[in-house]
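Chemist: The lines below spell out each chain.
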Amino acid sequence: MRCKKCGQKAVIRLKAYNLSLCRKHFEEFFISKTSETIKRYRLFSKNDLIMVAVSGGKDSLTLWYVLNLLGYRTHGFHIDLGISRGNYSGLSREKTEKFAEQYGLSLTVVSIADYAGFTIDDYHRLGGRSACSTCGIVKRYLMNEFVKRTGSSCVATGHNLDDEAGVLLGNLLNWQLSYLQRQHPKLPASADFFAARVKPFAERAEREVAAFAFLNGIDYIYDECPYSKGATSLLYKKALNEIEEHSPGTKLRFFRGFLASKKIFVQEKGVSDLVKCESCGQPTVSSPCSFCRLKEKAAQNQNA
Amino acid sequence: MGAVPVEVKVIYRDKEWNLKNATTVKDVLKKLNINTQTVLITVEGELVTEDHQLKDGDVVTLIDVVSGG
Numbered sequence: 003m004r005c006k007k008c009g010q011k012a013v014i015r016l017k018a019y020n021l022s023l024c025r026k027h028f029e030e031f032f033i034s035k036t037s038e039t040i041k042r043y044r045l046f047s048k049n050d051l052i053m054v055a056v057s058g059g060k061d062s063l064t065l066w067y068v069l070n071l072l073g074y075r076t077h078g079f080h081i082d083l084g085i086s087r088g089n090y091s092g093l094s095r096e097k098t099e100k101f102a103e104q105y106g107l108s109l110t111v112v113s114i115a116d117y118a119g120f121t122i123d124d125y126h127r128l129g130g131r132s133a134c135s136t137c138g139i140v141k142r143y144l145m146n147e148f149v150k151r152t153g154s155s156c157v158a159t160g161h162n163l164d165d166e167a168g169v170l171l172g173n174l175l176n177w178q179l180s181y182l183q184r185q186h187p188k189l190p191a192s193a194d195f196f197a198a199r200v201k202p203f204a205e206r207a208e209r210e211v212a213a214f215a216f217l218n219g220i221d222y223i224y225d226e227c228p229y230s231k232g233a234t235s236l237l238y239k240k241a242l243n244e245i246e247e248h249s250p251g252t253k254l255r256f257f258r259g260f261l262a263s264k265k266i267f268v269q270e271k272g273v274s275d276l277v278k279c280e281s282c283g284q285p286t287v288s289s290p291c292s293f294c295r296l297k298e299k300a301a302q303n304q305n306a
Numbered sequence: 045m046g047a048v049p050v051e052v053k054v055i056y057r058d059k060e061w062n063l064k065n066a067t068t069v070k071d072v073l074k075k076l077n078i079n080t081q082t083v084l085i086t087v088e089g090e091l092v093t094e095d096h097q098l099k100d101g102d103v104v105t106l107i108d109v110v111s112g113g
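Read top to bottom, the protein sequences are chains A and B.
Heads up: take any position in the first sequence, counting from 1, add 2, and you land on our numbering.
Heads up: take any position in the second sequence, counting from 1, add 44, and you land on our numbering.
Source of the hints: derived by calculation from the structure; they are not laboratory data.
Quick reminder that beta carbons are idealized off the backbone N, C-alpha and C, glycines included.
Just so you know, not all the hints are guaranteed correct.
[To be verified] Here are a few chain B residues that face chain A, going by a calculated C-beta distance under 10 Å:
hint : residue
1    : E60
2    : N62
3    : N65
4    : L84
5    : T93
6    : V109
[Claimed, not checked] These stretches of chain A come out as covered by chain B in the derived footprint (C-beta under 8 Å, 3 or more residues):
hint : segment
7    : 53 to 61
8    : 82 to 94
9    : 240 to 248
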């Protein structure tokens with residue numbers, strides 16, 4: 003195949019766009035499409051300080067790379083979750099720190115073990131709440147805390163089109179109306195989250211992100227989180243990729259069509275009263291907040 | 045003249061094996077029943093498209109792109 007722009011040998015075929023592109027024109031395409039998403043959904047401006055949540059995986063490292071290429075002000079934020087199996091957290095942290103050093107980027111690393119006295123492994127051993135649920139609470143809490151501390155305007159995550167379409171499919175199959183009301187490339191700041199959460203790669207297919215990372219030599223962790231086996235998100239992504247293979251462009255049409263039609267999911271809802279957590283002061287539905295309850299349970303287990 | 049089927053080495057998910065009677069990368073994906081949306085394809089370390097003509101002894105590496113959980 004030849005590049006549609008210049009006729010040189012193509013390195014990637016993008017069936018959803020009916021395009022084959024050489025390296026140079028694929029990189030230009032990827033960067034320009036990311037920029038379009040940022041502008042289309044008004045994710046942030048050049049005046050904003052963007053806290054990029056960096057896991058060490060291909061999406062977050064590539065996002066951080068592209069945002070800096072586009073001239074945005076960024077600060078990286080990495081949470082060491084203390085997942086020891088396969089040295090997953092160790093390797094993730096190493097890749098993130100090496101990347102920051104290589105490109106001269108500022109990075110804050112928070113170890114959950116040091117910050118709160120427990121790790122995801124500890125909670126998994128305790129039983130009860132799943133590792134994924136615990137991880138979600140921890141990440142949300144710490145991002146909220148550090149976006150405040152760093153004075154960042156927003157938190158950017160590397161969620162891509164496959165992630166968004168997969169989540170959308172799951173929410174529709176299970177009729178999770180409250181999630182459907184909220185899903186969007188930009189979640190504005192609210193009473194319980196101090197800054198907007200944005201997803202500049204929300205319209206970029208996972209394969210495009212991987213190709214960009216590969217071509218630019220971005221060194222990321224390939225291993226999956228050991229706790230992610232059997233996750234339903236992977237099932238939904240697989241189903242969508244089967245459809246995409248036969249009907250290119252399905253994922254993007256699905257996601258964009260949803261965003262255009264979102265108002266059908268909006269319901270009248272009561273305002274939930276938020277209170278201050280008696281332990282940490284963060285806004286919460288009930289005090290103490292989920293994060294402080296995790297800390298308390300872990301501490302009780304250690305003292306037992 | 046049509047392409048000549050060749051034998052290549054395939055590397056995927058830390059496993060290696062030899063595959064015979066492949067002419068293009070698309071043949072490799074078809075024989076392994078792999079969805080093109082889920083992998084990047086490299087031949088001798090270079091990113092290629094599905095129609096890439098293979099040579100005898102080429103090393104084809106498939107890189108998973110799907111992450112999650």
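Chemist: Now tell me if each hint is right for this structure.
Modeler: Against the structure, the hints:
Restraint check, E60(B) versus chain A: the minimum CB separation of about 16 Å is more than 10 Å; hint violated. Because the beta carbon of N62(B) sits about 24 Å from the nearest beta carbon in chain A, more than 10 Å, this interface hint is broken. Look at N65(B): its Cβ only gets to about 22 Å from chain A, farther than 10 Å, so that hint breaks. The beta carbon of L84(B) comes within 5 Å of a beta carbon in chain A, closer than 10 Å, and the hint placing it at the interface holds.
Annotation: interface hint on T93(B) holds; nearest CB of chain A at approximately 5 Å, less than 10 Å. At about 4 Å, the closest approach between the beta carbon of V109(B) and any beta carbon in chain A falls short of 10 Å, and the interface hint on this residue holds. For a cut-off of 8 Å, the count of residues in the segment 53 to 61 of chain A with a CB near a CB of chain B stands at 3, and the three-residue condition holds. Under a criterion of three residues with beta carbons nearer than 8 Å to beta carbons of chain B, the stated coverage of the segment 82 to 94 of chain A fails, only 0 such residues being counted.
With 5 residues bearing a CB less than 8 Å from a CB of chain B, the segment 240 to 248 of chain A meets the requirement of three and the coverage assertion stands.
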